[in-house]
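Asker: Chain by chain, the residues run as shown.
Number of protein chains: 2
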Amino acid sequence: MRIKDIAREAGVSTATVSHVINKTKYVTDETREKVQLAIKKFNYHPNAHAQMLALGKSKIIGLLVSDISNPFFPEIIKSVEAAVFDLGYSLILLNTNYDAERAVEYVHRLIQMKVAGILLLISEFDEALIEVAKRKKTSIVFHDLGIVGEKMSNVILDYAVGIDEAVQHLVSLGHKNIAHIAGSHEIYSGRIREQAFVDSMKKHFPKAENLKIYEGDFRFEGGRSAAHQMLQEKELPTAVVVANDLMALGAMQEFKSAGLHVPQDISIIGFDDIAFATLSEPALTTVCSPRIEIGRRAVEALMLTVDRPHQHGIEVRIPTYLIKRNSTAPPSRK
Amino acid sequence: MRIKDIAREAGVSTATVSHVINKTKYVTDETREKVQLAIKKFNYHPNAHAQMLALGKSKIIGLLVSDISNPFFPEIIKSVEAAVFDLGYSLILLNTNYDAERAVEYVHRLIQMKVAGILLLISEFDEALIEVAKRKKTSIVFHDLGIVGEKMSNVILDYAVGIDEAVQHLVSLGHKNIAHIAGSHEIYSGRIREQAFVDSMKKHFPKAENLKIYEGDFRFEGGRSAAHQMLQEKELPTAVVVANDLMALGAMQEFKSAGLHVPQDISIIGFDDIAFATLSEPALTTVCSPRIEIGRRAVEALMLTVDRPHQHGIEVRIPTYLIKRNSTAPPSRK
DNA sequence: AGATTACGATGAAAGGTTTCATTAATCAAT
DNA sequence: ATTGATTAATGAAACCTTTCATCGTAATCT
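Going line by line, the protein sequences match chains A and B.
Counting in this note's numbering, the first sequence runs from 1 upward without gaps.
Counting in this note's numbering, the second sequence runs from 1 upward without gaps.
Any given hint could turn out to be false.
Said to hold, decoys possible - Not the full set, but computed from the structure, chain A residues with beta-carbon under 7 Å of chain B: (1) THR14; (2) ALA50; (3) LEU53; (4) ILE68; (5) GLU75; (6) LEU93; (7) ASP99; (8) PHE276.
Stated by the list, open to error - Distance ranges between label pairs, derived from CB positions: (9) A/HIS310 x B/GLY11: 35 to 45 Å; (10) A/ALA258 x B/GLU221: 51 to 61 Å; (11) B/ASN43 x A/ILE292: 35 to 45 Å; (12) B/LEU37 x A/HIS310: 28 to 38 Å; (13) A/ASP307 x B/LEU87: 55 to 65 Å; (14) A/SER172 x B/SER257: 27 to 37 Å; (15) A/ILE292 x B/GLN112: 22 to 32 Å; (16) B/GLN229 x A/LEU37: 18 to 28 Å; (17) A/ILE292 x B/LYS41: 18 to 28 Å.
Derived from the structure by calculation, the hints contain no laboratory data.
We put the CB at the ideal spot given by N, CA and C, even for glycine.
Could you put the whole structure together from the sequences, leaning on the hints where they help?
Answerer: Below is the structure:
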């Protein structure tokens, strides 16, 4: 069933059929009905490839993520998929495995297949990505690391506000000795979360020095070993702000198996709000990075520049916020 | 940059350029080099859409999953993505949200865009899916529920073998009073896991009757409430085989907060081997459904029928197997 | 020498849609 | 009645690649 068949059946030209389908020009009620009848009769659907060829673009969005199996991503993907689907687009998913080169290759491939837009929800980064993006044929949305410009948007997570809320929460509970288990320094969001912690601490304790900061790796084991290290030292903090939930849960487990009680002996605050944060015992107080919203807003930002040749992108700032559960309490020690 | 430009630059016809690119006919070394030079000079890449149109097919694989945020799927997706990428294909990801109608709609859409093949890694099911598949234009791979036929394969997980190993393991530890927390009866894999448990128990305890089976919902909370219910009864089993890890962890938490010790007071075996299974305290003994392999084998099966008009599909049977960790031990009671 | 074969390269059609420029038709106005 | 304006529909080009059938040349055979 080609458009030609429909045209013949309806006794009109292919152009008219096209106009009826795409509502791109006025056609008489009468002819429109004839065409629609023929379409229904043959259950006709336009050939997507021919359409793409003729239009020079496809209704496909490319989504790059660093690691699907990192619990941070699936929810983002889910909300992106839902948003994209509602708009009648399809989603091509690419997993970079934190490999910046691979990311560049993927982007090339997506551009070559003339996708409508690209979502770069990755934590690795390469200058080449920006270079590629600057060719401006394709809309791009960065995440955190990136720039705003023609056809380029950036959705950035405001880590600082949530972390400040976390510190604030601990301070108001009476904590003074607060440590931080940082994420990997290799990773941007690790560095920025640490910075946010430092800034917030400086705000609340202007004269404090030598903040206790342990570098982790964003993984369960890293949290556990940081906690282990913490337990070796002469003075244990009364609270710890951890750069992500996985490490927070690792630390919690270590503390518990050392005989400490959370939150009585030590308060713990995580970051991300992964599903398991509600399931731990005690349920983890954590800073939520609203993934559903990240996905939704990223697609929104993308669509702003899709199909608009020189449209300038926007910066979307999404706040993080504290969710109080049961892993925080007033300190039992000084 | 069109193929025409390359042809002009190299002083040959477009046909020759095409043959050089696709190695579809012999061309002289001399002309080949000229063409390759021109290609490199202009950094030419064939227009994917035109290619698809000319060939009537695309190098795209569609993957339907029930719920990306269910920890079962991301690893499958990851391995599918890797396999598909290595073959030079792209992956379109669709999330059905356990909605069979939506699945049907997705499949239609994929067929309409003439994807090379479709992977149906979903747990919902609709006869319409089979009907659609039977039109045979597109290769399809089912998972568990499905049929094998022309262009249709089925990769089925052998739940029984792993569950039998689990029961066997408990029996050899000396357990006699073994309960089951089942998944939702609405879902095929819930029913089949329960059946496998029943069969295995009948094998080991031919004269036993009234197996203790609690219906759950595959979610943490379901496991917890099943355990809660279990605790109300006069006699607590010494071991419990749970239909998935999430419920197993929920049950474990409930037992622990009731003051019981796992595994001393009660042994727990989960199913799936999600990431958190290793992180719980104690680490969860569980039956592994090898997701990496599922993804890999599914793509393998798919590729068998892709591009081969009347190729018959295959049935792939993937065994599950027990991973012994620390949530199982000999019973302390009779 | 003339006929046949093999080879390398090519021209043109096919694939199905969109859309620009054009035609045909209708109507209003002069 | 003629012209001009407006509207609805059309024809054909453009999008770009692949591939079949063809062609010309050179080599081989009788």
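Asker: Mind checking the hinted window 51 to 61 Å against the Cβ distance between A/ALA258 and B/GLU221?
Answerer: Between A/ALA258 and B/GLU221, where Cβ atoms are some 29 Å apart, the hint is violated.
Asker: If you take the shortest Cβ to Cβ gap from A/ALA50 to chain B, is it below 7 Å?
Answerer: This hint holds: A/ALA50 lies near chain B, its Cβ roughly 5 Å from the closest one there, short of 7 Å.
Asker: Range hint 55 to 65 Å: satisfied by the CB atoms of A/ASP307 and B/LEU87?
Answerer: Since A/ASP307 and B/LEU87 have Cβ atoms about 31 Å apart, the given range 55 to 65 Å is violated.
Asker: For the hint 28 to 38 Å, verify it against the beta carbon of B/LEU37 and that of A/HIS310.
Answerer: holds (35 Å)
Asker: Using the beta carbons of B/GLN229 and A/LEU37, state whether their distance is inside 18 to 28 Å or not.
Answerer: violated (60 Å)
Asker: Evaluate the given range 35 to 45 Å for the C-beta pair formed by A/HIS310 and B/GLY11.
Answerer: With Cβ atoms ~38 Å apart, the hint holds.
Asker: Please test the hint of 22 to 32 Å on the beta carbon pair from A/ILE292 and B/GLN112.
Answerer: holds (29 Å)
Asker: Taking 7 Å as the limit, does the beta-carbon of A/ASP99 come near enough to a beta-carbon in chain B?
Answerer: Violated. Min distance 12 Å.
Asker: Is it true that the C-beta distance of B/ASN43 to A/ILE292 lies inside 35 to 45 Å, as the hint says?
Answerer: holds (40 Å)
Asker: Can you verify the interface hint for A/LEU93: is its Cβ closer than 7 Å to any Cβ in chain B?
Answerer: Holds. Min distance 4 Å.
Asker: Would you check whether A/PHE276 satisfies its interface hint, that is, whether its CB is within less than 7 Å of any CB in chain B?
Answerer: holds (6 Å)
Asker: Take the shortest C-beta to C-beta distance between A/LEU53 and chain B; is it under 7 Å?
Answerer: With Cβ-Cβ at 4 Å, under 7 Å, it holds.
Checked against the numbered hints above, the structure breaks hints 1, 7, 10, 13, 16 and 17 and satisfies the rest.
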